[in-house]
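Novice: The lines below spell out each chain.
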Amino acid sequence: MAVPANHLDHLDRLARGDARADRLFRWSVAAAGFFVLAGLLGAALTMAWGGREAFATFGLDFLTSDHWDPGNLVFGGLAPIVGTLITAGIALLIAVPISFGIAVFLTEVAPPWLRNPIGTAIELLAGIPSIIYGMWGLFVLVPFLAEHVYPTLSRTVSQWPIIGPWFDGPPIGIGMLTAGIVLSIMIIPFIASVMREVFMTVPNRLKESAYALGSTTFEVVWSIVLPYTRSAVIGGIFLGLGRALGETMAVTFVLGNANRLANLLEPSSSIAATIANEFGEAFADLHRSSLLALGFVLFMVTFVVLSIAKLMLMSLHRREGN
Amino acid sequence: MDAAALATERLYRRRKLTNGVALVLSGAAAIVGLFFLGWILLTTLDRGIDGLSLAMFTEMTPPPGAPLGVGGLLNAIVGSIVMCMLAVAMAAPIGIAAGTYLAEYANYTKTGAVIRFVNDILLSAPSIVLGLFVFVVLIGMPRQIGNALQDTAAGQAGGWLEGMATWLIDISGFSGFAGAVALGFIVLPVVVRTTDEMLRLVPTQMREAALSLGVPQWKVISKVLYRAALSGILTGVMLGLARISGETAPLLFTAFNNSFWNIDLGEPMANLPVTIYQFAMSPFENWQLLAWAGAFLITCFVLLVSVLARTLLLRKKMSHD
Chain B
0 MAVPANHLDH LDRLARGDAR ADRLFRWSVA AAGFFVLAGL LGAALTMAWG
50 GREAFATFGL DFLTSDHWDP GNLVFGGLAP IVGTLITAGI ALLIAVPISF
100 GIAVFLTEVA PPWLRNPIGT AIELLAGIPS IIYGMWGLFV LVPFLAEHVY
150 PTLSRTVSQW PIIGPWFDGP PIGIGMLTAG IVLSIMIIPF IASVMREVFM
200 TVPNRLKESA YALGSTTFEV VWSIVLPYTR SAVIGGIFLG LGRALGETMA
250 VTFVLGNANR LANLLEPSSS IAATIANEFG EAFADLHRSS LLALGFVLFM
300 VTFVVLSIAK LMLMSLHRRE GN
Chain U
0 MDAAALATER LYRRRKLTNG VALVLSGAAA IVGLFFLGWI LLTTLDRGID
50 GLSLAMFTEM TPPPGAPLGV GGLLNAIVGS IVMCMLAVAM AAPIGIAAGT
100 YLAEYANYTK TGAVIRFVND ILLSAPSIVL GLFVFVVLIG MPRQIGNALQ
150 DTAAGQAGGW LEGMATWLID ISGFSGFAGA VALGFIVLPV VVRTTDEMLR
200 LVPTQMREAA LSLGVPQWKV ISKVLYRAAL SGILTGVMLG LARISGETAP
250 LLFTAFNNSF WNIDLGEPMA NLPVTIYQFA MSPFENWQLL AWAGAFLITC
300 FVLLVSVLAR TLLLRKKMSH D
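Line by line, the protein sequences give chains B and U.
Anchor point for the first sequence: position 282 equals 281 in numbering that gives the first Met the number 0, and the numbering is continuous, going up by one each time.
Anchor point for the second sequence: position 196 equals 195 in numbering that gives the first Met the number 0, and the numbering is continuous, going up by one each time.
No wet-lab data here; the hints were simulated from the structure.
Glycine included, every Cβ here is placed at the ideal spot set by N, Cα and C.
Hints may contain errors.
[Stated by the list, open to error] Sample of chain U residues at the chain B side, in silico, Cβ under 8 Å:
(1) Phe35
(2) Ser123
(3) Ala294
[Said to hold, decoys possible] In silico EDC-like cross-links for lysine to aspartate or glutamate, where the CA-CA straight-line distance does not exceed 20 Å:
(4) U:Lys218 to B:Asp21
(5) U:Lys222 to U:Glu207
(6) U:Lys109 to U:Asp119
(7) B:Lys309 to U:Glu196
(8) U:Lys15 to B:Glu218
(9) U:Lys15 to B:Asp21
(10) U:Lys218 to B:Asp17
(11) U:Lys15 to B:Glu207
(12) U:Lys222 to B:Asp21
(13) U:Lys218 to U:Glu207
(14) B:Lys309 to U:Glu207
Please model the entire structure based on the sequences and the hints provided.
Specialist: In structure tokens, the structure reads:
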């Protein structure tokens, strides 16, 4: 029995329509995919474009001079750049050992019924907005440190050789060390949950073999778990570093907004805090451009740090065979 | 006991000691970490509850120096809700589409790998930089172009050039819309990533079964795969919402802030995070109390949304097993 011609025609039209709809769908989702690419590229380019005036005016001085004077339109970004690096450095020094301890505790030490609740709690805490950490820092931590910790610190440690001078100055509580501490508390949940996840990828048979040979828990962690996950652990640390470098609110509250090189107990500045404090009132073109240039520097630094983090984390996936 | 046995015994004891010390240290680290995080939460609860009152939801933000108990956060709460909703409404469709592209069309391609990489960077990029980016694109550049056009059009008043210049200068101010766009850029990578991951979790057989029936691919994706991955995708959108509800830095120079009631998206818009920031940094007791109440509100909201998102995902995982 022959199929009527108009029926075939109809099917043909349907197929064509489907093909057209398929192409349209494919193009629109591809456009959305490339929009993500364009977003990052656009952010980098607009920062560079906005900061070109500052780079052209001050050249390399913008990165090496600490003379930041909006009144006379002289801008050197060394102080905020150094402040960013030091606060993030302090944060890592504190957060890495504690996060490592938490991750080990949650994967090897704690009784199994305790592991998931605490792990979930820590992941939830990673979602608390940074402004809360900043407020807590300003209203709770600063008075506490200024009263109980920093006076002792500046009396004793400032007499020590080499690192002594870092702790000079009036112990007012606001400053780089405080900012570093608040940052460290903020990134602990990030690093700890990455490390925990990574530690859980270690095949049980590896650990069980080591235990069967008589290893202690510590030896299993140190010689089996850590070597197996080394690159991903470093990736997790760099992820935390990326957060610490770009964090604004947690730092702005407790850093004191003083745009100068300072030692650890004195108010100073970071790139993000400088932008947050000054951009809204930057009416001179050169001032605005200098802040955008600082933003560009921050963006580039975090881009490199996060890229390293991502590559390190990816190497574990490859090992897993994904 | 001979010397060898003695040495073994000593080694054994040392290993046990090292192990004990290390485990105690790891437990101590966990306690220290949880102690500080708990301290922060308790402070927020404690001071936030002090500031909590019904007036918070019914009255506008008070002027500086107003006596204790006067004023609330209504305009800020509404502004935050409006901007967060708009941000999610803009970013979620784009994010879901981009995630679909990654999972269904570019899964094993170089392009896909590059976009995934870039998306992960965007996921942790400093939010203040995204705020600057949106400022430059939506506020800085229109104003510059507008000013330039105005200069060119100076000779011929009333022309279309001048009209365009006035329009560009007119739109180039702090606005709730700019704030929503900045927040959208923070939601976007979260949604892209979860959509991508959730779609890749859908078994390939499902695609093959649908395609073998002659269903066109776009229908397979929108009618079959989206349905299978729905709870996961929703989780991503909710996680994005939780992330932006407390974001302050990107709003500082996009939405700015507003002491008055405003739901016009073209004007500066009040919002909770920036209000909290300004109030907390102020010397006024009334403002500081309201800042804590706002912080409490945001913390509760974030925790609630994250817990909901988690249970959604958990239920989905269980139903698959």
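Novice: Now tell me if each hint is right for this structure.
Specialist: Checked hints:
1. Phe35: For Phe35 of chain U, the interface hint holds, since the closest Cβ of chain B sits about 5 Å away, which is under 8 Å.
2. Ser123: holds, 5 Å
3. Ala294: holds, 5 Å
4. U:Lys218 to B:Asp21: Status holds; Cα separation ~8 Å.
5. U:Lys222 to U:Glu207: holds, 14 Å
6. U:Lys109 to U:Asp119: holds, 15 Å
7. B:Lys309 to U:Glu196: holds, 16 Å
8. U:Lys15 to B:Glu218: Roughly 10 Å between the alpha carbons, so the hint for Lys15 of chain U and Glu218 of chain B holds.
9. U:Lys15 to B:Asp21: Violated. Lys15 of chain U to Asp21 of chain B sits at ~65 Å, over the 20 Å cutoff.
10. U:Lys218 to B:Asp17: holds, 9 Å
11. U:Lys15 to B:Glu207: It holds: about 18 Å lies between the C-alpha atoms, which stays within 20 Å.
12. U:Lys222 to B:Asp21: holds, 13 Å
13. U:Lys218 to U:Glu207: holds, 13 Å
14. B:Lys309 to U:Glu207: violated, 32 Å
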